[in-house]
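Next come the chains, spelled out residue by residue.
Protein chains: 2
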Amino acid sequence: MLVILSGGTGTPKFLQGLKEVEENFSVIVNTGEDLWLNDLYVSPDVDTVLYTLSDLINEECWYGIRGDSFITHEMLKKYGVDEFLRIGDRDRALKIHKALLLKKGYKLSEIVDIERRLLNIKQKVYPMTDDKVETKILVNINGKIDLLKFHDFWIKRKGNVDVLDVIYENSIYSKPLNNAVEDIKKSKAIIIGPSNPITSIGPILSVGYREILKKKKVIVISPIVGTSPISGPADKLMKAKGYESSPYGVYKFYEDIIDIFVVHNTDNNIKVDCEIYSTNIIMKNKEDKIRLAKEVLELVK
Amino acid sequence: MLVILSGGTGTPKFLQGLKEVEENFSVIVNTGEDLWLNDLYVSPDVDTVLYTLSDLINEECWYGIRGDSFITHEMLKKYGVDEFLRIGDRDRALKIHKALLLKKGYKLSEIVDIERRLLNIKQKVYPMTDDKVETKILVNINGKIDLLKFHDFWIKRKGNVDVLDVIYENSIYSKPLNNAVEDIKKSKAIIIGPSNPITSIGPILSVGYREILKKKKVIVISPIVGTSPISGPADKLMKAKGYESSPYGVYKFYEDIIDIFVVHNTDNNIKVDCEIYSTNIIMKNKEDKIRLAKEVLELVK
Numbered sequence: 521m522l523v524i525l526s527g528g529t530g531t532p533k534f535l536q537g538l539k540e541v542e543e544n545f546s547v548i549v550n551t552g553e554d555l556w557l558n559d560l561y562v563s564p565d566v567d568t569v570l571y572t573l574s575d576l577i578n579e580e581c582w583y584g585i586r587g588d589s590f591i592t593h594e595m596l597k598k599y600g601v602d603e604f605l606r607i608g609d610r611d612r613a614l615k616i617h618k619a620l621l622l623k624k625g626y627k628l629s630e631i632v633d634i635e636r637r638l639l640n641i642k643q644k645v646y647p648m649t650d651d652k653v654e655t656k657i658l659v660n661i662n663g664k665i666d667l668l669k670f671h672d673f674w675i676k677r678k679g680n681v682d683v684l685d686v687i688y689e690n691s692i693y694s695k696p697l698n699n700a701v702e703d704i705k706k707s708k709a710i711i712i713g714p715s716n717p718i719t720s721i722g723p724i725l726s727v728g729y730r731e732i733l734k735k736k737k738v739i740v741i742s743p744i745v746g747t748s749p750i751s752g753p754a755d756k757l758m759k760a761k762g763y764e765s766s767p768y769g770v771y772k773f774y775e776d777i778i779d780i781f782v783v784h785n786t787d788n789n790i791k792v793d794c795e796i797y798s799t800n801i802i803m804k805n806k807e808d809k810i811r812l813a814k815e816v817l818e819l820v821k
Numbered sequence: 521m522l523v524i525l526s527g528g529t530g531t532p533k534f535l536q537g538l539k540e541v542e543e544n545f546s547v548i549v550n551t552g553e554d555l556w557l558n559d560l561y562v563s564p565d566v567d568t569v570l571y572t573l574s575d576l577i578n579e580e581c582w583y584g585i586r587g588d589s590f591i592t593h594e595m596l597k598k599y600g601v602d603e604f605l606r607i608g609d610r611d612r613a614l615k616i617h618k619a620l621l622l623k624k625g626y627k628l629s630e631i632v633d634i635e636r637r638l639l640n641i642k643q644k645v646y647p648m649t650d651d652k653v654e655t656k657i658l659v660n661i662n663g664k665i666d667l668l669k670f671h672d673f674w675i676k677r678k679g680n681v682d683v684l685d686v687i688y689e690n691s692i693y694s695k696p697l698n699n700a701v702e703d704i705k706k707s708k709a710i711i712i713g714p715s716n717p718i719t720s721i722g723p724i725l726s727v728g729y730r731e732i733l734k735k736k737k738v739i740v741i742s743p744i745v746g747t748s749p750i751s752g753p754a755d756k757l758m759k760a761k762g763y764e765s766s767p768y769g770v771y772k773f774y775e776d777i778i779d780i781f782v783v784h785n786t787d788n789n790i791k792v793d794c795e796i797y798s799t800n801i802i803m804k805n806k807e808d809k810i811r812l813a814k815e816v817l818e819l820v821k
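Chains F and A, in that order, are what the protein sequence lines are. Following the numbering used here, the numbering of the first sequence begins with 521 at its first residue and continues without gaps. Following the numbering used here, the numbering of the second sequence begins with 521 at its first residue and continues without gaps.
FYI, nobody ran anything at the bench for these hints, they're computed from the structure. Don't take every hint at face value.
Said to hold, decoys possible - Cross-link-like lysine-lysine pairs, in silico, DSS-like; alpha carbons within 27 Å at most:
no., chain 1, residue 1, chain 2, residue 2
1, A, K656, F, K652
2, A, K806, F, K623
3, A, K652, F, K624
4, A, K814, F, K627
5, F, K627, A, K623
6, F, K624, A, K624
7, F, K642, F, K597
8, F, K623, A, K627
9, F, K597, A, K597
10, A, K676, F, K598
11, F, K669, A, K597
12, A, K652, F, K623
13, A, K656, F, K624
14, F, K676, A, K597
15, F, K624, A, K814
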């Protein structure tokens with residue numbers, strides 16, 4: 521039994537390899553970027569994990585279903601409806617499904633469990649919490665301090681703002697998911713995938729998992745090679761939270777829970793107070809993904 | 521200036537002919553079958569009139585857009601979501617548009633006016649009221665008396681129930697639309713299209729238009745030839761309301777407002793206390809529609 525913590529881009533790539541060589545794992549997924557958009561409930565990272573594990577994922581943008589059409593989206597645009605995320609017709613159904621069941625009173629975790637069964641996914645997929653936690657970017661825009669939602673920051677503004685901090689709003693009032701905590705207790709090790717520490721993994725840790733992981737063997741796969749994040753806005757956000765944008769910064773973020781740090785070959789000289797494993801962590805194709813998964817599974821033993 | 525009262529099947533056919541020969545008319549449309557369905561606002565007759573006047577209508581079922589796809593609908597079915605109306609991907613956008621603007625506080629009439637402009641429709645299209653009026657079918661099912669919504673009665677149960685009466689719920693608390701009333705006052709004549717008197721025109725008349733029409737020249741095109749309704753469940757519902765299912769029954773329903781009754785050739789021997797005009801009222805093709813429109817326009821003069 522293994523538990524993986526995941527965001528929406530780097531870790532899903534790792535999951536593609538892992539599921540080819542290991543069946544028995546659960547994934548705890550960031551929900552800090554969840555939003556209601558025109559009556560749809562959009563849980564971007566959860567849906568990406570669901571589509572990844574069911575082999576439907578559109579790997580061009582790690583969002584939505586491969587080969588989907590955008591008929592309703594384009595019509596909405598003509599009608600002047602601002603659907604700022606581009607939602608496909610097949611993908612829309614999953615977001616309608618979540619919206620309807622949430623309104624009926626189902627918990628998000630119950631809905632995601634129904635969906636992973638509908639998509640024939642063997643692994644458990646857990647939203648990090650059933651509580652509402654929102655990742656907010658504290659910014660300074662022309663001298664005005666304000667909070668932006670992640671999508672406003674990253675999709676609408678392409679990250680081009682002065683970031684002061686990142687807040688996991690409502691995290692102090694939120695609880696980790698019971699079933700996820702149970703799986704962590706049963707697992708040999710916890711793998712933190714190569715996702716953005718600040719916006720993908722940070723929200724998960726913020727709702728109570730950080731304390732729980734202190735007692736477990738935690739393997740972190742670096743999302744940064746040299747000083748460059750493999751994808752996404754980790755650079756700016758790491759710095760805003762007071763961390764270097766480097767594998768060392770990643771280490772510092774996880775310092776109190778990390779046991780083994782998986783870094784890229786070229787970063788093997790890093791000085792940290794935990795075990796280091798260096799290999800090729802850039803996953804360009806399926807072979808890379810399977811090889812990395814096998815190597816990490818060796819570290820679990 | 522002309523005003524047409526319309527439901528969702530027979531009258532739109534007439535409108536197809538009318539718009540080819542006359543530009544200056546407004547349509548008041550039944551909203552008694554409107555419903556919220558999975559966060560969509562479905563106004564079946566209004567949308568059919570909008571799609572008819574913009575030449576998008578799917579004439580096979582007089583519902584939705586010609587050549588539309590059903591990608592989201594099919595995915596929803598896989599996810600176990602009961603979308604009992606088959607809503608196309610293009611059509612869905614119009615229903616989302618209505619839902620979003622209603623939630624923002626727009627009146628239905630304001631939304632429909634935005635939509636008819638977006639669809640480049642020259643004519644005004646008015647939902648009969650901005651109030652909520654629901655057509656309910658009073659039924660006896662195995663000895664149990666209950667009220668069914670029209671869609672439950674007609675789509676889910678195919679009309680196969682014992683009908684006691686038809687109620688326009690909340691009509692006593694509802695008002696006609698001001699702009700529609702103004703257009704009626706300015707119009708040379710009001711044309712009641714060949715729609716089901718009970719479920720399509722009855723709800724319109726129930727919110728105050730019947731009194732207003734008593735002072736106007738009203739031309740009714742019969743929706744019934746011989747004893748057969750041209751389409752839909754008029755037969756059973758006419759009888760439940762105490763009217764014959766015949767042109768004579770239609771006449772009796774409109775007795776206090778009708779001035780000219782347009783019936784099919786074979787019904788020209790009908791005995792009624794108003795002017796009769798008999799012609800071929802079965803609209804099989806565009807030529808039929810244009811010819812009937814021209815003949816009715818002659819009656820307006």
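### Message
Could you work out which of the previously given hints the structure breaks and list their numbers from low to high?
### Response
Failing hints, ascending: 1, 2, 4, 7, 10, 11, 14 and 15.
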